[in-house]
Structures are given as C-alpha cells and as structure tokens.
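Participant: One-letter residues, chain by chain:
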Amino acid sequence: MRGLQIEPIPPHEMPPRCEALRAEVRAFLAEALADVPQQRRARSWSGASEQFSRKMAARGWIGMTWPKRYGGGERSPLERYVVLEEMLAAGAPVGAHWTADRQSGPLLMRFSPEVLAPRIVPAITRGEAFFCIGMSEPDSGSDLASIRTRAVDTAQGWVINGRKVWTSGAHRAHYMIALVRTGEKSENRHAGLSQFLVDMKTPGITVRPIVNQLGEHDFNEVTLDDVRVPHENLIGQEGEGWKQVGAELAFERSGPERYLSTTQLLLEMLDAADPGSERHAVALGRVVAQYGTLRQMSLGVAGMLARGESPALAAALVKDQGALVEQAMPDLANDLFGGRPPPGSMLEWAMRYTALAVPSFSLRGGTREILRGIIARGLDLR
Amino acid sequence: MDADTLIADSAERLFSEQVDKVVRERAEAGTLDERLWALACEGGFHRLLASEAVGGFGQRWAEAWPVLRGIGYWQVPLPLAETMVAGLLLSWAGIEVPDGPLTMIEQGLFDTLRAEAGGGTLRLSGTVHRVPWARHAAAAVVSLADGGIALVGLQGEPGVTIEPAFNHAKIPSDSVVLADAPAVAHHAAPLPLVKPAWALGALARSAMMVGALEFVLEQSACYATERVQFGKPIGRNQALQQNLAVLAGDVAAARVASLVAAADAPDAARPIAPEAPFSIAVAKVRCGEAATRGTGIAHQVHGAIGFTYEHALHFATRRLWAWREEFGSDAWWAERLGQAAIAGRSAGFWPSLTARRFPASASD
Numbered sequence: 001m002r003g004l005q006i007e008p009i010p011p012h013e014m015p016p017r018c019e020a021l022r023a024e025v026r027a028f029l030a031e032a033l034a035d036v037p038q039q040r041r042a043r044s045w046s047g048a049s050e051q052f053s054r055k056m057a058a059r060g061w062i063g064m065t066w067p068k069r070y071g072g073g074e075r076s077p078l079e080r081y082v083v084l085e086e087m088l089a090a091g092a093p094v095g096a097h098w099t100a101d102r103q104s105g106p107l108l109m110r111f112s113p114e115v116l117a118p119r120i121v122p123a124i125t126r127g128e129a130f131f132c133i134g135m136s137e138p139d140s141g142s143d144l145a146s147i148r149t150r151a152v153d154t155a156q157g158w159v160i161n162g163r164k165v166w167t168s169g170a171h172r173a174h175y176m177i178a179l180v181r182t183g184e185k186s187e188n189r190h191a192g193l194s195q196f197l198v199d200m201k202t203p204g205i206t207v208r209p210i211v212n213q214l215g216e217h218d219f220n221e222v223t224l225d226d227v228r229v230p231h232e233n234l235i236g237q238e239g240e241g242w243k244q245v246g247a248e249l250a251f252e253r254s255g256p257e258r259y260l261s262t263t264q265l266l267l268e269m270l271d272a273a274d275p276g277s278e279r280h281a282v283a284l285g286r287v288v289a290q291y292g293t294l295r296q297m298s299l300g301v302a303g304m305l306a307r308g309e310s311p312a313l314a315a316a317l318v319k320d321q322g323a324l325v326e327q328a329m330p331d332l333a334n335d336l337f338g339g340r341p342p343p344g345s346m347l348e349w350a351m352r353y354t355a356l357a358v359p360s361f362s363l364r365g366g367t368r369e370i371l372r373g374i375i376a377r378g379l380d381l382r
Numbered sequence: 001m002d003a004d005t006l007i008a009d010s011a012e013r014l015f016s017e018q019v020d021k022v023v024r025e026r027a028e029a030g031t032l033d034e035r036l037w038a039l040a041c042e043g044g045f046h047r048l049l050a051s052e053a054v055g056g057f058g059q060r061w062a063e064a065w066p067v068l069r070g071i072g073y074w075q076v077p078l079p080l081a082e083t084m085v086a087g088l089l090l091s092w093a094g095i096e097v098p099d100g101p102l103t104m105i106e107q108g109l110f111d112t113l114r115a116e117a118g119g120g121t122l123r124l125s126g127t128v129h130r131v132p133w134a135r136h137a138a139a140a141v142v143s144l145a146d147g148g149i150a151l152v153g154l155q156g157e158p159g160v161t162i163e164p165a166f167n168h169a170k171i172p173s174d175s176v177v178l179a180d181a182p183a184v185a186h187h188a189a190p191l192p193l194v195k196p197a198w199a200l201g202a203l204a205r206s207a208m209m210v211g212a213l214e215f216v217l218e219q220s221a222c223y224a225t226e227r228v229q230f231g232k233p234i235g236r237n238q239a240l241q242q243n244l245a246v247l248a249g250d251v252a253a254a255r256v257a258s259l260v261a262a263a264d265a266p267d268a269a270r271p272i273a274p275e276a277p278f279s280i281a282v283a284k285v286r287c288g289e290a291a292t293r294g295t296g297i298a299h300q301v302h303g304a305i306g307f308t309y310e311h312a313l314h315f316a317t318r319r320l321w322a323w324r325e326e327f328g329s330d331a332w333w334a335e336r337l338g339q340a341a342i343a344g345r346s347a348g349f350w351p352s353l354t355a356r357r358f359p360a361s362a363s364d
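Chains A and B supply the protein sequences, listed in that same order. Mapped onto the working numbering, the consecutive letters of the first sequence carry residue numbers 1 to 382. Mapped onto the working numbering, the consecutive letters of the second sequence carry residue numbers 1 to 364.
Hint data in this document are derived by calculation from the structure and do not stem from the laboratory. Every value quoted in this text rests on a predicted model; they were computed, and no experiment measured them. Think of the CB as a built atom: it goes at the ideal place given N, C-alpha and C, for glycine as much as any other residue. The reader is advised that the hints may include incorrect statements.
[Claimed, not checked] Below, a list of computed lysine-lysine pairs in the DSBU-like style, where the Cα atoms sit at most 35 Å apart: (1) 185/A - 232/B; (2) 243/A - 201/A; (3) 21/B - 232/B; (4) 232/B - 243/A; (5) 55/A - 68/A; (6) 243/A - 185/A.
[Said to hold, decoys possible] Rough simulated footprint, nothing fancy, chain A against chain B, three-plus residues with beta-carbon under 8 Å: (7) 216 to 225; (8) 237 to 247; (9) 260 to 273; (10) 285 to 293; (11) 324 to 338.
[As the list claims (entries may be wrong)] Taking CB as the label site, the calculated pair distances span: (12) 309/B - 335/A: 37 to 47 Å; (13) 40/A - 43/B: 53 to 63 Å; (14) 274/A - 116/B: 37 to 47 Å; (15) 307/A - 20/B: 30 to 40 Å; (16) 312/B - 171/A: 30 to 40 Å; (17) 118/B - 338/A: 54 to 64 Å.
For reference, chain A alone in the conformation it holds in the complex (with noise of 0.2 Å):
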C-alpha cells in the first residue's frame, strides 16, 4: 500500500526564501484585495478578475516554476506553493488564469514543447491567454471514455465536431484543450482518444451559459460545429489523449484549492465565536485541525510532484479529504449559528453563499465516488 502513503515533506526543510516571498505576497494582497469586496472573496478560485490575473502575471506568479524561455521564473514549486495558498487563503480573484497556471501550461510544454508552447505559454504567463477544459459532454460525465466528440483529420488540418459541458470559464477563456475521439474504442476503451489545442475564436463556436444555482454564471456549454484546427494543435500523441489526461488530474487534484474553497466562511465564523463558549471552540478547533493537517498533505503531494512522480492516488487522497472538510463547512456554520446571525451580516451572506456552492466540490475534477474507485483500486479491492 505504499502508494496510499504521502510523505510530507519535513517542516523544517521549507527553505527560508518561502517564507521571504510569503512576507511579500501578503504586502501584495493587502493592497491588491483592499477594493475588492468580501462577497467576492468568498468565491474563492471561483471568482475571476483579468485584471487581477494581470497584477499576478506583473509579479511573475503566473509560470512560476517554468521555463524562462518560456515565460516562465524556473522558481521551485514549493515557491509556486506558498504563492498559491497565500491568495486562496484571502480570496483573492484567481479563477481567469487558474487552469492554464495549474495544468494547460504544463501540459503543452511535456506534449508540444518545440511548436505549441513556444507559441501560447509565454503569454500565459503574461495573463493574457486563458484556458478552459473541454472533458465533460452531455452523455460523459464521471464515464469519460464514452465521450463522443470527433476530430476528422483532412488535408487542411482536424475538424471536430461535438458539444462539451460543464465547461468552466469557456465563456472568458482564449484557448480550450478538447478531449476528443480520433479513432474507435477497441478492447480498451481508453484508446482512440486525442488532445486538441482549440482557440476559442476559431469560427463554429458557440459558447452558451448554464446559470448554476448560485445564479451564477461560471460554466457553459461549448457547441463545437466543424470546427477547423491546424495539424500542429494536436496536443503529444494521437491516441494517447487518455493517458495525457492521467497526468493532468494529479495537477488538478491536490493543490491547495482542495481544501481552501470554504476559507472565508470560516473566517467569519471566527470572528462571530463566542470566547466562553466550549462547544464554539471544540468543533472550529477540529476544522483547524483538519486544515493543518490537509495542508500538510498538500504539501507533501506538490513534493511528490516536484520529484517527478506521479502521485495520482496520493492526489485523490486530497482531494476526497478536502473535499469533506469544505463540505462540513455550512452544516457547522449552521450548527453553530443557524438563524442567529444579523439580517444583511457578511456572516449570514458567507453561509447562504457556501451552502449553495459546496455541492459542486465533490463533483468538480472527478466526483467523491470516481476518487473513492481510485483509492480503492489502490487497495487492490478492484
């Protein structure tokens, strides 16, 4: 079961220049968040400023730990760590260039590193190319092997024709990376599928809103009608989409965004305790305990990742984890304050917001049962 194990990575061993650009991302955020709303933070990643993402991308903190002729800072990932977790923490609005920082980036420099990236990330890290994930369809949602969307290869380049759903900031996004079929499924059904880099300005596309009940608009529907894409945007291997996907999601799973979704309810309630009271204390003293401890494990795994492993179970550990501790987190607000707070108080705001946000965090970057399956399978139990 070593495989089930996260080493976390020993406390002392965080070099002290972390700590340094901590002092400094702190400085940034008290004066790049004072205009920004409390409402807002509350959307977490959620929330998306281009503007924002451009202050980020000024500071070199989009690109962090890539290559500078790329764009990028070649700064350490546990650099890129602290940076991370320090604007989720305070709510900053982080969601415009999100994806493309945390997986489409990285993915374009390992499957196209000499024609695509050379061409699209330097301006990622200028917060100025963003990227939304075209995976989910109306008939494939947690059965991804079942997607139906096509590319045809002709002389003059891919057409792709299909619909994608749930697709998260399609609607600002300048690039999708579509997962698509490119060939039949044999015995394994995992074969016969491909990546595409598609420009979102590319003619036969249609982007639709989906309110969520939030009322909310974040994600879309991506109707792709004969759409035309050069031979070069095929993303690493024809066929290997599947596998390429794999590598992505341990991205995607266990970053700090896993567990920090919820962060400014909390804050609100630690501010609305009673002092004296022993029950207040006890159950805020579990979530920071299990904040502690999932922060830890976060950590461990953004090790894990910088050592070139590929810790995809260790990832779904942290994200079914996290995923428990946001969750509980307006049940406790409502356990504790239920009905008391000020009518129009950001209290009763962040826990009417956060009940109706959570029920998507077990759903998003593969739901709590998919991650269950993958924990299991690491079991030997199927």
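With the hints as your guide, set chain B onto chain A.
Facilitator: What follows is chain B alone, placed relative to chain A:
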C-alpha cells in the same frame, strides 16, 4: 543505511518476530513480559530520546517515530513510549535515567496532586488516575505545574500506593495514590515545553494510533478480498470500496499529521520548538478522529468474525479507543486549538496555520 532506517528496521524485526497473539493475550492479565522488555532494552528503544548525558541515545523524534508506530502496528504490550518520553523529560532536567520501565504524570490536569518542598526534599501527595503501566514502572517522571520535574519511585516506596486499573485495551492504566511521597530527584527550572509530559504523551499516542490504523486498514482490505459472499469477494461491492477508501483517507491524514508533529517536536539536542504545541494538538485531534471513524469502518467490513475475541482485529481497535482518549481526547485538544483560533479571530487564522503556532490573541 542511515540511522533512522536502522532503528526502524531493527524495531520492525523485533516486533514482527517476537510479538504475537499469545504475547498480546498474556499481557491482558496485567503482567509485563520481562523477556520482551529485555529484548526491547537490548535494542535501546526505551532510551532513544534520552540524551547521552543521562544514559540515553539522544535521537530525534523522527527516529523514534517508526518505533512508536510499530508499537501500534504490532500492538506491542510494553511501556516503551512512556519510558522513552520520561527519558527525554529527565534529559532536560539533567537527571540520570533510572533502570527499568518508567511512566509519566502531568500535574494539574485531572488529578489532586500537590507538591510541597521542605527539608531539602520535594514531597508529593494526592491521586492521579490513568497512569499508564504504573504498576510495572520503577518510577514516574512528574511534570510539575510550575514547570519543574520530579522523579518519584513507585515500587515499595513509602507513601506510594498503586490501585490497578485498565484501559480499553486491557493495558495497565493505574491510579497512583501518593501520601507525602518523596521525590528522589527534583529539577526546579521550567522545561522548554508547557505541560511536556501531556503533550509528548499525546505525540507518542498519535504515532501509535497511526500504526494501529495502518494495521486495521491492511487487515480490512485483505479481508475484503478474501471473504466471499453472493459468489464474489465482498470487496467487489462499491459500498465497501467507498468505505475503505474513506478509511484510507483517514489513515493518510493521521500519518501526515503525526509525522509533522514529530518533526516539530523538541528533543534532547533541540529543546526549543515553538511549533510543537500547535502541531501536536493538530496531530492528536486528527489521529483521534481517524481512530473514531476508522474503527467503525474496519469492524463493519469484518462483520461478525471481527467481533470475536478469537479474531485479532480487536487488539488494534481497542488500542485505538484507548489511545484516542489518553493524554487528552481529540475534543480536549480541539478545544485548545479552537479557543486560540477564536482569540486570534480572522486576522490571526492563516498566519497561525502557516507558522504552525497558536495565534496571538486579537486583543493582545
């Protein structure tokens, strides 16, 4: 091979070869397995954390952690954790470690202990419950409320009565009744950690819980692949897979929390450790929660066979129920974390979490 795997490997060899069901069962009568204790002492495990100056090996918690984890994984019925921690407390006090098993007491939490100095000797009176292994311990290291350390002989000393009791796992957890009992050694200066016997006891219990949880996870996953019902292994059922995945998540979380606390904990060479109180509290809470959820899942997976005395599962699950409450339950530690977090308010929360220190009170 580096030093920490050397210690871990020799502990694993000793525990896996020498500790079996017969040994565990025999210990439940309240006797100490003298042969097993002697073997553990040969390996030096009882004095790993004590400094060389007072007769120990001056190792760090990182080296002791695998041994403590092993006590849980193999359910080793020995007062090793207690003797180890007592030795570290004596190192800071500069008191020679006495021979034999040791235990430790934290004054001022759940006891009626009073200490009176007079005639050059410190004398202790009062009752302390739930002192692990007291009946077999040569002496108890008492962490005094004023921060000092006293060493009190427990075997045949005047004014010392031991009333036997057990914890969930039928491991001795005795009441110690002192009536003007003299300290054989006393160090008046405060130690570097507040309530050190309690906190380091909690750290040791967290590592032991991780071991027991890892055992329970392995046993459960293994049983789920072997037990056949409805024509297939029960582990093929998604309901069981999902529950075992939750158990695996809890075990992973507990392990990380405890390892971080061990890395943050003070040792003989590095007594100042400002992160220790926070990290230890986090570990004891998270391991206790994992024990609570994990024992329930493990028993559910095992069905009726896991409820028998014959089956080995209970040696681990009963220890988890014992250890989650010893040296402060998860609720007890959570209350401390929560009080500090509330005092620090929203502004104190994140800086405290990243520094692994209790926040300064917002009103300070």
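Participant: All the hints need checking, so say for each whether the structure fits it.
Facilitator: These are the hints, each one checked on the structure:
Proximity of residue 185/A to residue 232/B is assessed by CA-CA distance (about 29 Å); at most 35 Å being required, the pair is judged to hold. Of the pairs offered as hints, the one joining residue 243/A and residue 201/A holds, with about 28 Å between alpha carbons and a cut-off of 35 Å not exceeded. In summary, the hint linking residue 21/B to residue 232/B is supported, as the alpha carbons are separated by about 30 Å, within the 35 Å threshold. About 30 Å separates the Cα atoms of residue 232/B and residue 243/A, which keeps this hinted pair within 35 Å; it holds.
A C-alpha spacing of about 19 Å is found between residue 55/A and residue 68/A, which places the hinted pair at or below 35 Å, so the restraint holds. For the suggested pair residue 243/A and residue 185/A, the alpha carbons sit about 15 Å apart, so the restraint of at most 35 Å is met. Look at the region 216 to 225 of chain B against chain A: 5 of its residues bring a Cβ nearer than 8 Å to a Cβ of that chain, three or more, so the hint holds. Residue count for the region 237 to 247 of chain B with a Cβ under 8 Å from a Cβ of chain A: 7. That meets the three needed, and the coverage hint holds.
Interface restraint, the region 260 to 273 of chain B with chain A: holds (3 residues with C-beta to C-beta distance below 8 Å; minimum three). With a cut-off of 8 Å between beta carbons, the region 285 to 293 of chain B has 3 residues touching chain A; three or more are needed, and the interface restraint holds. Using a Cβ-Cβ cut-off of 8 Å, 8 residues of the region 324 to 338 of chain B lie near chain A, which meets the minimum of three, so the contact claim holds. Roughly 39 Å separates the CB atoms of residue 309/B and residue 335/A, a value that falls within the hinted 37 to 47 Å.
Look at residue 40/A against residue 43/B: about 59 Å separates their beta carbons, and that is inside 53 to 63 Å. Against the hinted window of 37 to 47 Å, the Cβ-Cβ separation of residue 274/A and residue 116/B comes to about 39 Å, which satisfies the hint. For the pair residue 307/A and residue 20/B, the supplied restraint of 30 to 40 Å holds, since their beta-carbon distance comes to about 38 Å. Judged by the Cβ atoms, the range 30 to 40 Å given for residue 312/B and residue 171/A is violated: they are separated by roughly 58 Å.
Roughly 57 Å separates the CB atoms of residue 118/B and residue 338/A, a value that falls within the hinted 54 to 64 Å.
Comparing the model with each earlier hint shows a violation of hint 16 alone; every other hint is respected.
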